[in-house]
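Work out the full structure: start from the sequences and follow the hints.
Chains as they are written, first to last, in my numbering: chain A, 1 to 245; chain B, 1 to 245.
Hints were generated in silico from the structure; no laboratory data involved. Keep in mind the model is a prediction, meaning the values are calculated, not measured.
Simulated coverage check for chain A against chain B, where a stretch passes if three residues somewhere in it have a Cβ under 8 Å from a Cβ of chain B:
hint, stretch
1, 196-209
2, 212-226
Here's a subset of chain A near chain B, in silico, CB distances under 10 Å, partners left out:
hint, residue
3, 192
4, 234
5, 235
Where a beta carbon is used, it is the ideal one built from N, C-alpha and C, also for glycine.
There are 2 protein chains.
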Amino acid sequence: MRFTSEQRLDDGVLEREFTLGEIPGTLWTPGSAGSSGAAPVPLILMAHNNGLPKAEPRLVARARYTAACGYAVASIDAAGCGDRPRTAAEEQARAELRRAMRAGEPVDEIFESFIGPLVEKAAPDWRTALDALLALPEIGGPVGYSGWTAVGIRLAATEPRIAAAGLFAGGYVPRAQREEARQVTVPLLLLLQWDDEGNPRQRALDLFDAFGAKEKTLHANLGGHTGTPWFELEDGNRFFDRHLK
Amino acid sequence: MRFTSEQRLDDGVLEREFTLGEIPGTLWTPGSAGSSGAAPVPLILMAHNNGLPKAEPRLVARARYTAACGYAVASIDAAGCGDRPRTAAEEQARAELRRAMRAGEPVDEIFESFIGPLVEKAAPDWRTALDALLALPEIGGPVGYSGWTAVGIRLAATEPRIAAAGLFAGGYVPRAQREEARQVTVPLLLLLQWDDEGNPRQRALDLFDAFGAKEKTLHANLGGHTGTPWFELEDGNRFFDRHLK
Chain A
1 MRFTSEQRLD DGVLEREFTL GEIPGTLWTP GSAGSSGAAP VPLILMAHNN
51 GLPKAEPRLV ARARYTAACG YAVASIDAAG CGDRPRTAAE EQARAELRRA
101 MRAGEPVDEI FESFIGPLVE KAAPDWRTAL DALLALPEIG GPVGYSGWTA
151 VGIRLAATEP RIAAAGLFAG GYVPRAQREE ARQVTVPLLL LLQWDDEGNP
201 RQRALDLFDA FGAKEKTLHA NLGGHTGTPW FELEDGNRFF DRHLK
Chain B
1 MRFTSEQRLD DGVLEREFTL GEIPGTLWTP GSAGSSGAAP VPLILMAHNN
51 GLPKAEPRLV ARARYTAACG YAVASIDAAG CGDRPRTAAE EQARAELRRA
101 MRAGEPVDEI FESFIGPLVE KAAPDWRTAL DALLALPEIG GPVGYSGWTA
151 VGIRLAATEP RIAAAGLFAG GYVPRAQREE ARQVTVPLLL LLQWDDEGNP
201 RQRALDLFDA FGAKEKTLHA NLGGHTGTPW FELEDGNRFF DRHLK
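Printed below as a string of C-alpha cells:
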C-alpha cells in the first residue's frame, strides 16, 4: 500500500490517496488517529452503489463526516468500478443500459448481466484492501461496511471480519446476492428511499425480509433516489457506534 | 387541573398524578423545569396503543426517559381507556375479542367496532388535557405526540398544535383513521415491528405510504410485538429534538 498524496481537512481529518497494486483508494482518518499513544480506530469500508467512483462528492461527504466521528473510512475503485478500465463487454452493457432506460424498456436483465459480474469482480479487491488497511498501525478492528448493497452482501456473507453493515437499497441487487442475503447474520441497517424512482420498493422490502440477521433495522424516507436526509448519516454512525466501538 | 401526588425520581424528573374533571393523568417534567428562570419545555403527549393504561410499565419507562431528555411528557386515561369505566357495549366487545382471538377467528370487524368508537371518544379528552397542560407555566410549545397510532392520526389531522408525531404501528387502526392519514402533514416517525405477531405488516406499510406528510420516516425492527429495541426510544427523542427544540 503506497500513499500518493494527503491533505488535512478543517476538522482535523486526514485524507490520503493510496494505491494498492492496481487498486486506487482513499483513506480518511480522524485527527487524533496515528498520534503517539492514540488507540487504533475501527474501520468502515464505504462503497457507492453500482460501482460509482470513490471520488463522487456524496460519498466523499459521508466519508469525511464519518471519519470526524472517530472512524477510519476507506473507499476504493474496485475492478470495473469508478475510473478503472472496463472491458469491451462492460462498456457495451453500460451503453445498452443507457439506451434501454432512454427508451423506457425493462432493464432488469441488462442490470443482471452488468452488475452481477461486477460484484464478482469487485469483492476480491475490497478484501485485498481490507487486508492492507488492517495492517496499518492506526487502524484496528472491528470492521463495518457502508453503502453498495450487493457488494456489502457478498462481503458480509463471506468475510468474517465484517461486524456490521449499513446498506443503501438504491441499486440493482443481482440474483446471487438476493440469495446470499440469507447468509448475512451481522447486525444490519438498510436504508430505503420510499419514492426512489428507479428502484422497486417491494424488492427492497423483500431483501430486508430475506436477511438472516437477528438484528436488522430498516429506515425508509421520502425524497427520491438521492434525497436521503442528512440525519440518516448521523443515525448510521450511531448504528456503527453500537456495534464497532 | 388538580395535582394529587408527586414524586421526584432519581434522575431529577418530577412525576405528578393529576385529575382534570373525570380524566386521570400523569405528568413527567425534567428536573430543571419550573425552577426560577428556567425556560418552558416542549410537551409530548404519550398514549398507549388501543387505550392501554397510562400506568403500564413500558409506557412509564418511555415517559421517564423522555422527560429526562428535556421534555414535559403527559399521559392520560382517556374516556373508555385504561381504568376508566366502560359501557356494557365496550365490555362486550372486549369479551368478544378475547373469545375470537382464542378461537383463532378473524378479529378485524370486532376491532373495528371496538377501537373505532374508542378513538372518537378518547380524542376529545386528549384535547382537553392539551389545553390544560399548555396553561402550566413550566410547559411551552411546540407539542409532540408519541404512541397510539389511531389517536395520533386523529389528533395530528385535526389539532394544529401538534407539530410532530412518533407512532407505533402495533395496534388496530380503524378505517376512519386510515382515511384521515392523508390529512396528516406534520413530520412523522412510524415504528414498525417487522415480525409483530398480531398486526399485519402490509397494513402498516400501506399506512406509512398513505400519510400526507412530506417528511415521514419508517423504522422497522425484529423482536416481535413488544420487542422494540431500546435504541428506538433514543432515535425517537432525536426525532422530537429536530422538530420541537
